[in-house]
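These protein sequence lines map, in sequence, to chains A and B.
Here my numbering is used: the first residue of the first sequence is 1, the next is one more, and so on.
Here my numbering is used: the first residue of the second sequence is 1001, the next is one more, and so on.
Check before you lean on any hint, since a few could be wrong.
[As the list claims (entries may be wrong)] Simulated crosslink set (DSS-like; lysine-lysine; CA at most 27 Å straight-line):
| no. | chain 1 | residue 1 | chain 2 | residue 2 |
| --- | --- | --- | --- | --- |
| 1 | A | LYS215 | A | LYS146 |
| 2 | A | LYS145 | A | LYS86 |
| 3 | A | LYS49 | B | LYS1210 |
| 4 | A | LYS49 | B | LYS1046 |
| 5 | A | LYS215 | B | LYS1046 |
| 6 | A | LYS86 | A | LYS146 |
| 7 | A | LYS145 | B | LYS1210 |
Because the hints were derived from the structure by calculation, they are not lab data.
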Amino acid sequence: MLNDFINAYSLMNLRYLLAGLGITIFVSIISIIGSYIIGAILGIIRYVKIKYLSAVVGFVIDLIRNLPLLLIIFFIYFGLPSIGLKPSSIWATIIAMIVFESAMLAEIVRSGIQAVDWGQMEGARANGLTYTQALWHIILPQAMKKMIPAIVSQFISLIKDTSLATIIVLPDVMHNTQIVYGQNTNYIIPMFLMLAIMYFVVCYALSLVSRYLEKRMA
Amino acid sequence: MINIFQNYGADLLLGLGNTLLCSVIALFFSLIIGSMFAIFETTPIKALRIIARIYIEVFRNIPLLVITMFFYVVIPLMVAKIDGFTAGTIGLTIYTSAFIAETVRSGINSVESGQMEGARANGMTFWQAMRYIILPQAFRYVIPPLGNQFINLVKNSSVLAFVAGFDLMYQGNVIASNSLQTINTYMAVGVLYLVITMPLSYYMRHLEKKLA
């Protein structure tokens, strides 16, 4: 048993796993940046109630939020080639992640803005700020503070969810682990343990950051 | 998309049935396990609090797919042969129970602490006070977030496709490769998921407004 662990954690295998973890983190970071920007824009559009546009955006967000991410990954991976784009599995994953996560974030942003006391807006308007100025300088900074825990936990689930993209052969840490233990059944338990530790370290570190930010902002 | 429903309707319905079945089973057991760990976290006994904290933190920070694959690959190797549906449902239960534990714990914490003190002062034990005073009030707070957990559960049950669990997603993959109408098939699958999750999420939003 102990021998299995020593053999399984050979330098070559660990390096292969870390290469996979690198892909997982790369995909996650690009997706986080993309979905944060798009999610914030969509959330604000949904909040400010632009005629027709907000209703349409709201409906599409609800549709995407209620579908499994796995299905969206399939849609992107198999659907984009039919309009002439052929993304690699890395870019297909990133696009699918941004589509799904920006819908989730839009909802967090909208409810975060709504949670800010309406009197803040009235006060800002009464002091001569325009609606856009009030939103930008008064409402959004306060809303952001309230949103931090929800946004970070959404990012944690984004990192975990990238593992689903192994189904379209994204060479991430989950996929590489499967390759290693596929060669030798004695490696299964050591490899699963290492995989769990890697995800745990990344996600738990992020949740500690969230707790720290929450305390400092409060 | 219509012709997918016509030609493969029975297969899709079987998948939908399995998805619902596994979600309901996983919800039932994760409610029990989750509530148990939530109560552990609020007990005065330190050892129980530590056990609960470790359980919740570990399973919240590991992907569902890793947990599910672990049960699908390791359990048959070490213990007994189990099929994909069982492995998937166990994985879903464990993963969801960690989230439900967090939800129920925050529900318990939102019950005013005077309630516990009052119950204890009236001669109830900790467990009696929990059972008759705190939990009934806590569950009122947690119904909307639990509903959202159930929606997540239905969506997350698509991991059964990885372990041949014959759920909706798995059936969709089989139909897609048989019919060669990939996009139409996934659209049909999407419609069936939305039929379950959309009404639920609108109802939960309504409930949240009503309880707030």
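Checklist entry - Taking only the CA atoms, is the gap from A:LYS215 to B:LYS1046 under or equal to 27 Å? => result Between A:LYS215 and B:LYS1046 the Cα gap is close to 24 Å, so the pair holds against 27 Å.
Checklist entry - Under the criterion that the straight-line Cα-Cα distance not exceed 27 Å, is the pair A:LYS215, A:LYS146 satisfied? => result The hint holds at about 11 Å.
Checklist entry - A:LYS49 and B:LYS1046: Cα distance at most 27 Å? => result At roughly 50 Å apart (the allowed maximum being 27 Å), B:LYS1046 and A:LYS49 break the hint.
Checklist entry - Does the alpha-carbon distance linking A:LYS145 and B:LYS1210 stay inside the 27 Å limit? => result holds (26 Å)
Checklist entry - Between A:LYS86 and A:LYS146, does the CA-CA distance stay at or below 27 Å? => result Outside the cut-off at roughly 40 Å; violated.
Checklist entry - When you check the alpha-carbon spacing of A:LYS145 and A:LYS86, does it fall within 27 Å? => result violated (39 Å)
Item to check | 27 Å Cα cutoff - pair A:LYS49, B:LYS1210 | outcome: holds (23 Å)
Against the hints set out earlier in the document, violations occur for numbers 2, 4, 6.
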